[in-house]
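J.: Keeping the supplied structure of chain A fixed, place chain B upon it in accordance with the hints.
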Amino acid sequence: QQQVKQSPQSLIVQKGGISIINCAYENTAFDYFPWYQQFPGKGPALLIAIRPDVSEKKEGRFTISFNKSAKQFSLHIMDSQPGDSATYFCAVPSYSGGYQKVTFGTGTKLQVIP
Amino acid sequence: SAVISQKPSRDICQRGTSLTIQCQVDSQVTMMFWYRQQPGQSLTLIATANQGSEATYESGFVIDKFPISRPNLTFSTLTVSNMSPEDSSIYLCSVVPGVRTEAFFGQGTRLTVV
Chain A
1 QQQVKQSPQS LIVQKGGISI INCAYENTAF DYFPWYQQFP GKGPALLIAI
51 RPDVSEKKEG RFTISFNKSA KQFSLHIMDS QPGDSATYFC AVPSYSGGYQ
101 KVTFGTGTKL QVIP
Chain B
1 SAVISQKPSR DICQRGTSLT IQCQVDSQVT MMFWYRQQPG QSLTLIATAN
51 QGSEATYESG FVIDKFPISR PNLTFSTLTV SNMSPEDSSI YLCSVVPGVR
101 TEAFFGQGTR LTVV
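Residue numbers (our numbering), protein chains in the order written: chain A, 1 to 114; chain B, 1 to 114.
It is possible that some hints are incorrect.
[Said to hold, decoys possible] With a cut-off of at most 25 Å between alpha-carbon atoms, the simulated BS3-like pairs for lysine-lysine come out as follows:
1) Lys65(B) to Lys15(A)
2) Lys15(A) to Lys71(A)
3) Lys101(A) to Lys65(B)
4) Lys58(A) to Lys71(A)
5) Lys71(A) to Lys42(A)
6) Lys68(A) to Lys57(A)
7) Lys7(B) to Lys42(A)
8) Lys68(A) to Lys5(A)
9) Lys58(A) to Lys15(A)
[Stated by the list, open to error] Stretch-level coverage of chain B by chain A, calculated; a stretch enters the list once three of its residues show a Cβ under 8 Å from a Cβ in chain A:
10) 29 to 43
11) 101 to 107
Hints listed in this document are in silico derivations from the structure and should not be mistaken for laboratory results. Built from N, CA and C at the ideal position, the CB exists for glycine as well.
Isolated chain B, as found in the complex:
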């Protein structure tokens, strides 16, 4: 298993600003994943972050809007840039700590853009 800490747990932001979400894992992992969960919806993968390389973004998500850093094997950040009310969601960090094992999630960051 893995213990994942996300900060902040929630925030209310003004439109046009940016928010950086931090994700810390208690063990070294190769890949870290960022998901978005819009209100009442399922989880959608935003991007996959590998240490030492550019993140890989899913269809519909771009680096300019969601820049990701992965400076080491236990930490990653996701920035939501130039926010609009449509970005109001829960953002979740996830890891798969072993080879072909289950995914684990942080508690999420509940973002409200006003």
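The following block holds chain A by itself, in its conformation from the complex:
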């Protein structure tokens, strides 16, 4: 059973600040490392994902940093905005019986205050 450790559990950031969420995983290699964003009452939406052959991927204000040797990846939200207030989940895929399963981190509730 794949274990995924996510931290912090909650985070309060001033508008314009940087939000950083970390994720650590065990075992094997994966094809991608995604972050999901979930607003209250909604399903998780894919925010950004990185392949293991690169160390960083940036999309707008969102950046994933990946450290393969340490088995860690993190989400950085630059210039955080109140609209970024949501719960963020990291996830790792695993393969069993020929199909992919996804294990989620415990989630980080981000609050961006004006």
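T.: Same frame as chain A, but now just chain B:
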């Protein structure tokens, strides 16, 4: 990507009754996944549904409680049977539309059992 429609979006049910949740995908997919998200918690995989075969259940989930149908490559249902207040959660349908690609989610069904 994939567009997933779930119905109902929410429901309030009496204990002891059953609720069937529907999941429709806009493209054919081999596997469909059902998750449970208890209040304030992360996502837990209930089962994996493959068209034409019995669903595969994760530890702690049984077919009698969560029967699943998968009649074709774009549709699945999850039934929550003999409900109790402990079943109050968000239930989410998910697909992985390509080979070794990211997972996509429906908006979820918010179930309250009274």
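J.: All hints, please: hold or fail.
T.: Going down the list of hints, with the structure as the test:
1. Lys65(B) to Lys15(A): violated (45 Å)
2. Lys15(A) to Lys71(A): violated (30 Å)
3. Lys101(A) to Lys65(B): holds (21 Å)
4. Lys58(A) to Lys71(A): holds (19 Å)
5. Lys71(A) to Lys42(A): violated (30 Å)
6. Lys68(A) to Lys57(A): holds (14 Å)
7. Lys7(B) to Lys42(A): OK: Lys7(B) and Lys42(A) at ~13 Å, within 25 Å.
8. Lys68(A) to Lys5(A): holds (15 Å)
9. Lys58(A) to Lys15(A): holds (20 Å)
10. 29 to 43: holds (count 6)
11. 101 to 107: Holds: 7 residues of the stretch 101 to 107 of chain B have a Cβ under 8 Å from chain A.
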